[in-house]
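**Q** Sequence:
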Amino acid sequence: MALGPASDSVKLKPGQETGNYGLAFALVTSLFFLWGLANSLNGSLIKQFQIALDLNRFQAGIVDFAFYLGYFFMALPAGYVMRKFGYKRGILLGLFLYGGGAFLFYPAAEVRVYGFFLLALFTMACGIAFLETAANLYVTVLGDPEKAEWRLNFSQSFNGISAILGPVIGALFIFSKDEYTPEMLKTMAPLQAEAIRVQEALSVQSPYLVIGSVIAVVFLLFLITRMPEVGSEEEQNAGNVSIGRIFRHRHLTLGIIAQFLNVGAQATLWGYFVDLKLDFARETHWVLAEWYMNLINSLTGGSSDLSLTQIAGFHASFALVLFMLGRFVGTSLMTRIRPNVVLTVYAAGAVLMVILAMVFGGITAVIALSFTYFFQSIQFPTIFALATKGLGAESKIASSLIIMSIVGGALMPLVAGALFAKGPVYALLVPLLCFAFIVFYAMQGYKTRLRDVEHAPVI
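In our numbering, the protein residues as written are 75 to 533.
Hints may be right or wrong, so weigh each one.
Simulated restraints on C-beta separations [claimed, not checked]: (1) PHE132 with ARG300: 44 to 52 Å; (2) LEU362 with VAL185: 22 to 30 Å; (3) ALA495 with GLU184: 30 to 38 Å; (4) PHE147 with THR358: 40 to 48 Å; (5) SER280 with LEU127: 16 to 24 Å; (6) LYS260 with THR327: 43 to 51 Å; (7) ASN130 with ILE411: 38 to 46 Å; (8) GLY464 with ASN368: 43 to 51 Å; (9) VAL291 with LEU407: 34 to 42 Å; (10) ILE235 with PHE147: 22 to 30 Å; (11) VAL433 with VAL288: 41 to 49 Å; (12) GLU253 with ASN130: 17 to 25 Å; (13) VAL433 with THR327: 28 to 36 Å.
Straight-line C-alpha distance at most 20 Å; calculated EDC-like pairs for lysine to aspartate or glutamate [what the hints assert, rightly or not]: (14) LYS251 with GLU357; (15) LYS496 with GLU364; (16) LYS496 with GLU257; (17) LYS521 with ASP379; (18) LYS251 with GLU268; (19) LYS260 with ASP379; (20) LYS251 with ASP353; (21) LYS251 with ASP379; (22) LYS260 with ASP128.
For the record, the hints were derived by calculation from the structure and aren't laboratory data. C-beta atoms are modelled at their ideal positions from N, C-alpha and C, and glycine is treated no differently.
Just need the whole structure built from these sequences, with the hints factored in.
**A** Here it is, written out as structure tokens:
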């Protein structure tokens with residue numbers, strides 16, 4: 075696919091984006107849904123690969139490592155492509171990589187080579203890095219500038235919806251109705267255990283084939299749709315910014331660290347939630363999560379005869395319902411309360427929930443960990459906004475650096491996976507420390523210094 079000037083794009087300057095771009099807005103909003111689905115499926119893969127590929131928890135946690143590593147390597151190249159070739163071409167390249175990675179799951183399951191799966195995940199993440207770099211800014215120019223914030227919040231809500239669907243897809247289409255553990259497989263005849271592992275690996279093929287096919291359709295729709303392009307003046311100014319000098323902004327530097335830890339905590343909790351549920355309360359279930367599970371089964375015609383792993387998957391999906399609810403509540407609060415104050419309350423709430431889980435265990439721990447999703451919901455966008463405040467033309471490069479900090483989702487789950495060998499309480503030390511730093515950032519670290527704002531290049 076050649077990357078040249080987009081003849082099917084509409085060049086616009088900031089403030090001129092008031093045309094009728096309903097289809098373009100709908101297509102860009104679909105991107106939020108698509109990358110949210112990929113993120114939320116990783117937890118199902120971590121659990122599934124422990125059986126299908128005979129991995130321990132630390133080894134399975136490399137799923138998140140490979141996925142989030144793609145963000146680290148592709149954030150800056152994505153920003154370069156967007157500035158040089160336009161947002162539409164960057165989105166097309168992102169969709170191409172995302173869809174290609176999803177289709178790679180089919181041969182990876184056939185050969186059952188873990189490295190092949192990790193390559194597929196890394197390829198998907200490289201594509202998603204392009205989509206995330208573009209979409210958050212792009213939706214703000216697709217219509218009336220006065221309604222830009224509403225459009226961005228509306229689009230982000232679809233990310234929350236797809237995050238709910240990921241664990242449901244895992245529970246219904248990936249996890250087996252027959253419960254297996256590594257210990258059980260070791261007691262079976264080698265051929266029987268191998269047959270089970272093969273079947274467990276093949277179960278990931280259909281969901282990712284469907285995802286790849288949907289992405290292919292979205293790619294074609296973007297290809298044939300006329301899209302507005304952001305004016306080039308801001309990109310040119312940002313292109314002259316020194317990466318080294320940008321770290322003189324204390325609130326940005328601390329914000330990058332906070333985002334690194336925030337995504338690390340999220341990836342740890344999302345990736346290991348099923349394992350945590352089974353460790354803390356294997357056969358005891360939260361009443362609200364059971365009600366939610368029965369509702370989904372009645373709507374989809376699913377079976378009520380589910381394995382404990384499938385039930386744990388529905389608990390994870392219900393926790394993501396709380397995540398979406400927390401986002402709506404937090405966004406509403408920010409219309410009346412300063413964002414850093416809301417972030418302080420939410421981060422402190424997450425710290426409290428993790429402590430409750432560590433102290434009480436059992437089903438109380440499962441409920442508390444579910445509510446960490448609620449309190450984490452507004453942390454990524456709020457940290458992002460606070461960290462890039464007052465940076466002028468440096469905002470572009472700052473945005474790319476914050477996207478790079480998503481690599482925290484690659485590293486923190488590995489630490490938690492290693493600590494899991496001592497027990498789930500030790501693994502929870504990782505999100506506890508991450509959230510504690512975010513409390514500090516929300517209270518003090520976010521503050522911009524006057525000289526930083528005065529010396530920021532003006533757009």
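**Q** For every hint, state whether the structure bears it out.
**A** Taking the hints in turn, this is what the structure says about them:
no.	hint	in the structure
1	PHE132 with ARG300: 44 to 52 Å	49 Å, holds
2	LEU362 with VAL185: 22 to 30 Å	41 Å, violated
3	ALA495 with GLU184: 30 to 38 Å	32 Å, holds
4	PHE147 with THR358: 40 to 48 Å	42 Å, holds
5	SER280 with LEU127: 16 to 24 Å	18 Å, holds
6	LYS260 with THR327: 43 to 51 Å	49 Å, holds
7	ASN130 with ILE411: 38 to 46 Å	44 Å, holds
8	GLY464 with ASN368: 43 to 51 Å	50 Å, holds
9	VAL291 with LEU407: 34 to 42 Å	37 Å, holds
10	ILE235 with PHE147: 22 to 30 Å	28 Å, holds
11	VAL433 with VAL288: 41 to 49 Å	43 Å, holds
12	GLU253 with ASN130: 17 to 25 Å	18 Å, holds
13	VAL433 with THR327: 28 to 36 Å	34 Å, holds
14	LYS251 with GLU357	15 Å, holds
15	LYS496 with GLU364	29 Å, violated
16	LYS496 with GLU257	18 Å, holds
17	LYS521 with ASP379	53 Å, violated
18	LYS251 with GLU268	18 Å, holds
19	LYS260 with ASP379	25 Å, violated
20	LYS251 with ASP353	19 Å, holds
21	LYS251 with ASP379	8 Å, holds
22	LYS260 with ASP128	10 Å, holds
Hint check: violations occur at hints 2, 15, 17 and 19; the rest are consistent with the structure.
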